[in-house]
Structures are given as C-alpha cells and as structure tokens.
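K.L.:
Using the sequences and the accompanying hints, generate a full structural model.
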Amino acid sequence: MLYSYTQISQYLSCPRRYRYRYLDGWKEKDTRAAMPFGRAFEQALSAYFRREDSAAALFKEWAVFQNSPLEYANGTNWDRMLQQGIQLLERFAQDDRVRVRQPRKNLQIKATRPLPKGSEFVAYVDAIGCLDGTRCLLEWKTTSTRYPEEP
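Numbering (the working numbering), first residue to last: 5 to 155.
Hints listed in this document are in silico derivations from the structure and should not be mistaken for laboratory results. One thing to keep in mind: the hints can contain errors.
Cross-link-like lysine-lysine pairs, in silico, DSS-like; alpha carbons within 25 Å at most [claimed, not checked]:
id, residue 1, residue 2
1, K109, K33
2, K31, K114
3, K109, K31
4, K145, K109
Pair by pair, the computed Cβ-Cβ distance ranges are [what the hints assert, rightly or not]:
id, residue 1, residue 2, range
5, I12, R108, 23 to 33 Å
6, Q91, I132, 19 to 29 Å
7, V68, R117, 26 to 36 Å
8, L27, D136, 41 to 51 Å
9, Y7, N81, 32 to 42 Å
10, R103, E75, 34 to 44 Å
For every residue, glycine included, the Cβ atom is placed at its ideal position computed from N, Cα and C.
P.N.:
Next comes the structure, spelled out in structure tokens:
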C-alpha cells in the first residue's frame with residue numbers, strides 16, 4: 005500500500021471520506037478556483053526556472069478553466085486571478101531570491117520511503133534549490149489556507 009501525508013491527514017480528519025476516496029476510488033469534484041489556479045501557477049514557476057515565458061505558461065494553463073463553473077473567493081474572478089498571478093510571477097523574478105539548478109530534474113520530485121510489510125510512504129517536493137544562497141527543499145504555497153502547525 006502507498007501512503008502520503010494527504011492520505012493520513014484525510015483519514016485522521018474523516019475516516020469515511022478517506023474510505024470513499026482512497027479505498028472506493030470516488031473522485032471529489034472541487035469547484036474552488038484556487039485549486040486549478042495553484043496547479044497552473046506551479047506550471048508557470050516551472051517555466052520560469054526553465055527560462056521560458058512564465059506569464060504565457062500561466063495563461064495557457066489557467067485558460068483551460070476560463071469558462072468552467074468555478075467558485076471564486078473574495079469577489080475575484082478568472083481575469084483578476086490571472087492578473088494577480090502575473091504580478092506575483094513578476095515580483096518573484098524581481099526579488100530573485102530562489103535558484104533551481106537543472107529544473108527538469110529538481111522540480112516536482114517524487115520521494116518514496118519503504119514502510120513495514122511492503123508498504124511505502126510517498127511525498128512530492130516542489131523543488132530542490134537555493135533560497136538566499138542556502139540550499140533547501142522548496143515548497144510553493146499557493147493556497148489561502150495555512151499549513152497546520154502540527155500533523
């Protein structure tokens with residue numbers, strides 16, 4: 005069996021939801037705009053580190069959802085989120101604090117560790133790189149919710 009932090013936290017918060025999703029294979033439809041936007045923004049960051057046009061990458065990935073019935077928070081809309089994403093990419097490039105060498109190798113890294121009885125724990129690291137010159141694991145935080153202080 006393959007386990008992840010997300011699976012374990014979902015089980016702890018609602019065992020029935022865990023069962024439906026991971027054991028019965030149900031797919032929960034998420035209508036919040038923040039989820040696909042976060043994935044589109046991650047693709048734009050990948051383009052940035054590959055020295056490609058990150059704004060064009062964001063537009064391309066986000067355009068897929070332009071006519072989707074998504075729920076937008078705080079009175080925002082598709083256009084406003086695109087604008088904010090482009091501004092954030094510009095600020096990210098301007099600050100120039102993060103470096104990722106070999107982006108095709110060091111972005112979206114899958115890490116697995118064996119567990120007893122043949123199971124595995126899997127995690128995805130957004131990037132391995134340097135922040136202000138210090139080598140570290142990088143996690144892009146693209147949603148409005150905070151990580152829990154404790155698992």
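K.L.:
For every hint, state whether the structure bears it out.
P.N.:
Hints, verified against the model:
Using a Cα cut-off of 25 Å, the hinted pair K109 and K33 is violated, with the two alpha carbons roughly 31 Å apart. Only pairs whose Cα atoms come within 25 Å are accepted, and K31 paired with K114 is accepted, the gap being roughly 22 Å. At roughly 30 Å between alpha-carbon atoms, K109 and K31 are farther apart than 25 Å, so this suggested pair is violated. Distance restraint check for K145 and K109: the Cα-Cα separation of roughly 20 Å lies within the 25 Å cut-off, and the hinted pair is therefore satisfied.
Range check, I12 to R108: Cβ separation about 30 Å, and the 23 to 33 Å hint holds. Taking 19 to 29 Å as the suggested C-beta distance range, the pair Q91 and I132 conforms, at roughly 26 Å. Taken as a hint, the range 26 to 36 Å holds for the pair V68 and R117, whose Cβ atoms sit roughly 34 Å apart. Separated by about 43 Å at the C-beta atoms, L27 and D136 satisfy the suggested range of 41 to 51 Å.
Separated by about 38 Å at the C-beta atoms, Y7 and N81 satisfy the suggested range of 32 to 42 Å. At roughly 36 Å, the beta-carbon separation of R103 and E75 lies within the given 34 to 44 Å, and the hint holds.
Comparing the model with each numbered hint stated earlier shows that hints 1 and 3 do not hold.
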